[in-house]
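From first to last, the protein sequence lines are chains A and B.
Under numbering that gives the first Met the number 0, the first residue of the first sequence is numbered 0, with each subsequent residue one higher.
Under numbering that gives the first Met the number 0, the first residue of the second sequence is numbered 0, with each subsequent residue one higher.
Treat the hints with caution; some may be incorrect.
To be verified - Going by beta-carbon spacing under 8 Å, a handful of chain A positions derived as facing chain B:
| no. | residue |
| --- | --- |
| 1 | Glu52 |
| 2 | Leu56 |
| 3 | Ile88 |
| 4 | Tyr89 |
| 5 | Ala90 |
| 6 | Leu105 |
| 7 | Gly148 |
| 8 | Thr159 |
| 9 | Gly163 |
| 10 | Ala164 |
| 11 | Glu165 |
| 12 | Gly166 |
| 13 | Gly179 |
These aren't lab readings, by the way, just hints derived from the structure by calculation.
All residues carry an ideal CB built from backbone N, CA and C; glycine is no exception.
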Amino acid sequence: MREIQSSQITKAVAELCQCANYELPEDVVEALRRSREAATSQVARTILDQLLENARLARDERIPYCQDTGLAVVFVELGQDVHLVGGDIYAAIDAGVRQGYEEGYLRPSVLADPLDRATNTGDNTPAIVHLRMVRGDEIKLHLAAKGGGSENMSALWMLTPTDGAEGIVAAIVERIQEAGGKPCPPLILGVAIGGNFEKAALLAKEALLRPLGQPNDERQLAELEQRIIEAVNATGVGPMGLGGGETALAVHLLSHPCHLASLPVALNVQCHAARHQSVTI
Amino acid sequence: MSSEARQIKLPLTADVIAQLRAGDSVRLSGAIYTARDAAHQRLVSALEAGQQLPIDLDGSVIYYCGPTPAPPERVIGAAGPTTSSRMDTFAPRLYAAGVQATIGKGQRALQVRRACRKHGCLYLIATGGAGALLSRFIMHAKVVGYVDLGPEAIRKLTVAEFPVLVGYDAHGGSIFPGDEDLD
Numbered sequence: 000m001r002e003i004q005s006s007q008i009t010k011a012v013a014e015l016c017q018c019a020n021y022e023l024p025e026d027v028v029e030a031l032r033r034s035r036e037a038a039t040s041q042v043a044r045t046i047l048d049q050l051l052e053n054a055r056l057a058r059d060e061r062i063p064y065c066q067d068t069g070l071a072v073v074f075v076e077l078g079q080d081v082h083l084v085g086g087d088i089y090a091a092i093d094a095g096v097r098q099g100y101e102e103g104y105l106r107p108s109v110l111a112d113p114l115d116r117a118t119n120t121g122d123n124t125p126a127i128v129h130l131r132m133v134r135g136d137e138i139k140l141h142l143a144a145k146g147g148g149s150e151n152m153s154a155l156w157m158l159t160p161t162d163g164a165e166g167i168v169a170a171i172v173e174r175i176q177e178a179g180g181k182p183c184p185p186l187i188l189g190v191a192i193g194g195n196f197e198k199a200a201l202l203a204k205e206a207l208l209r210p211l212g213q214p215n216d217e218r219q220l221a222e223l224e225q226r227i228i229e230a231v232n233a234t235g236v237g238p239m240g241l242g243g244g245e246t247a248l249a250v251h252l253l254s255h256p257c258h259l260a261s262l263p264v265a266l267n268v269q270c271h272a273a274r275h276q277s278v279t280i
Numbered sequence: 000m001s002s003e004a005r006q007i008k009l010p011l012t013a014d015v016i017a018q019l020r021a022g023d024s025v026r027l028s029g030a031i032y033t034a035r036d037a038a039h040q041r042l043v044s045a046l047e048a049g050q051q052l053p054i055d056l057d058g059s060v061i062y063y064c065g066p067t068p069a070p071p072e073r074v075i076g077a078a079g080p081t082t083s084s085r086m087d088t089f090a091p092r093l094y095a096a097g098v099q100a101t102i103g104k105g106q107r108a109l110q111v112r113r114a115c116r117k118h119g120c121l122y123l124i125a126t127g128g129a130g131a132l133l134s135r136f137i138m139h140a141k142v143v144g145y146v147d148l149g150p151e152a153i154r155k156l157t158v159a160e161f162p163v164l165v166g167y168d169a170h171g172g173s174i175f176p177g178d179e180d181l182d
C-alpha cells in the first residue's frame, strides 16, 4: 500500500490543464505538418500554415491554442494498492481544474444549469471524471481539454447488427459531411463499436487518448480504421470545411463485446486542437 | 493569409460589400463586437420588445467569439471564432436590424445566406481553433454589454488587419464546396 496525498493530484491536474492548453502535443503538430505537405489547394495550405503558426505562438508566448479551453475531462487509472489521503479524489481533481484554469487565464466554459446562461461556475468546474481501478500503486491521470464545437458534432448510433462494417463507415461519413467546417477539421475521430449505449460513448472518447496515428493492435480493427479515414478524406470536406482531402488526421477505433441484438457505434469528434496530457503519480 | 488579401477599413460601405465575392481574402481594420449564444438571445429579445440595446447594430460587424481572459500584460487572451450555425436562428433578425457582417466558422443554414443577399450583408470566416494567432490582430478590447455573461459578454474589439475569408457574399455566393446556387 502506497500513500498518495490528494494535494498531489490537485497539483498535477492544475499543471495538466495549463500544459494541455498551451502546448499542442508533438504528434498532433507532426500530423498537421504532414497534412500541410500533402495539401493541394491554396486555401487548405493557408489554413494549415495558420494552425502550425498558431501552435508555435501558443507554446512560445503562452497564449491558449484556442479560446475554447474546453471542458476538463479526466481519465483516472487508480492503482488498487494506493491509499489516498487528505480528501476525496473528485474534490482534488476539481481543485486542480480551478487552480489551473484561474492561474492559467483559461476560459471558464461550464454552466451550472445547462438551461441558464448566467450560471457560469467561473472556474471551469466540475470536471468530467472517469475512474478506473487498475493493478499497482500508482495513479495515472489523462486530461483532455475538450472543446464544445467538435463535441457537438459527435454521435451515437444503435445500428442493426447486420449493418456490419459497411453500415459503420456509412454512418460516420454521413455525419462528417453534415458537420462540414463546424467541428474545425482536420479532425481526429474516436470510434467505438460494441459495448452498449453508454460504454460505446465512453470508449469513443478513450480512443482519442491513443498517440496519434498509432493503429489498433488488432489487424481487422486497424483495417477498419484505415477504411474509415480513407472514406472520410474522400468526402472533400477539408480544413475548415473549405474543401480538400485533409478532413481527418487520424481515426482511432476501439471495440468491445456486445449483445447479439445490438451494434452500438459511437463517434467522438475531436478538432485539430487535440489537447491531451498525461502524468503518473 | 495570401498576399492578395484586400485591406478594408470598417465600417463597411455598401460599395465595398457589393464588390466582395465568396472566397475573397480580406483584412479588416476597425471596430467589431463579440457576441455569441447568450448575447444573441438577449439582443433579439430586446429588439422584439423594443428595448434599448447595449450596442448600436447599425453598420456593425459581429464576431462570434468568447475569448479567454486577458493576462495582465495583454489586451485579450485567445480569441478565435466559435461555430456560427448556433447563431443561425438569430442572424437574419440582426442583419435586418443593421448588422453588416458576421464572423465565425463553418457552414450555416440557407436562411442566413438568403438574409445576406436580401440585406446586402456578408458572412465572413476566420480560422477556427487559431485563437492564439487571431489574438495578435486585436489591439484593444472592452466589455460593453451583458457583463454578467462572463466570456459571453459583448466586447468591443479594435482590430488591425484581422484575416478573414468571405464565406457568403451579398449576391448569394458561398465559399463552401457543395453549396448549391440560391434560387
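The hints, checked one at a time:
no., hint, result
1, Glu52, "holds, 6 Å"
2, Leu56, "holds, 4 Å"
3, Ile88, "violated, 28 Å"
4, Tyr89, "violated, 24 Å"
5, Ala90, "violated, 23 Å"
6, Leu105, "holds, 6 Å"
7, Gly148, "holds, 5 Å"
8, Thr159, "violated, 29 Å"
9, Gly163, "violated, 28 Å"
10, Ala164, "violated, 26 Å"
11, Glu165, "violated, 23 Å"
12, Gly166, "violated, 23 Å"
13, Gly179, "holds, 4 Å"
Violated hints for the displayed structure, listed by number in ascending order: 3, 4, 5, 8, 9, 10, 11, 12.
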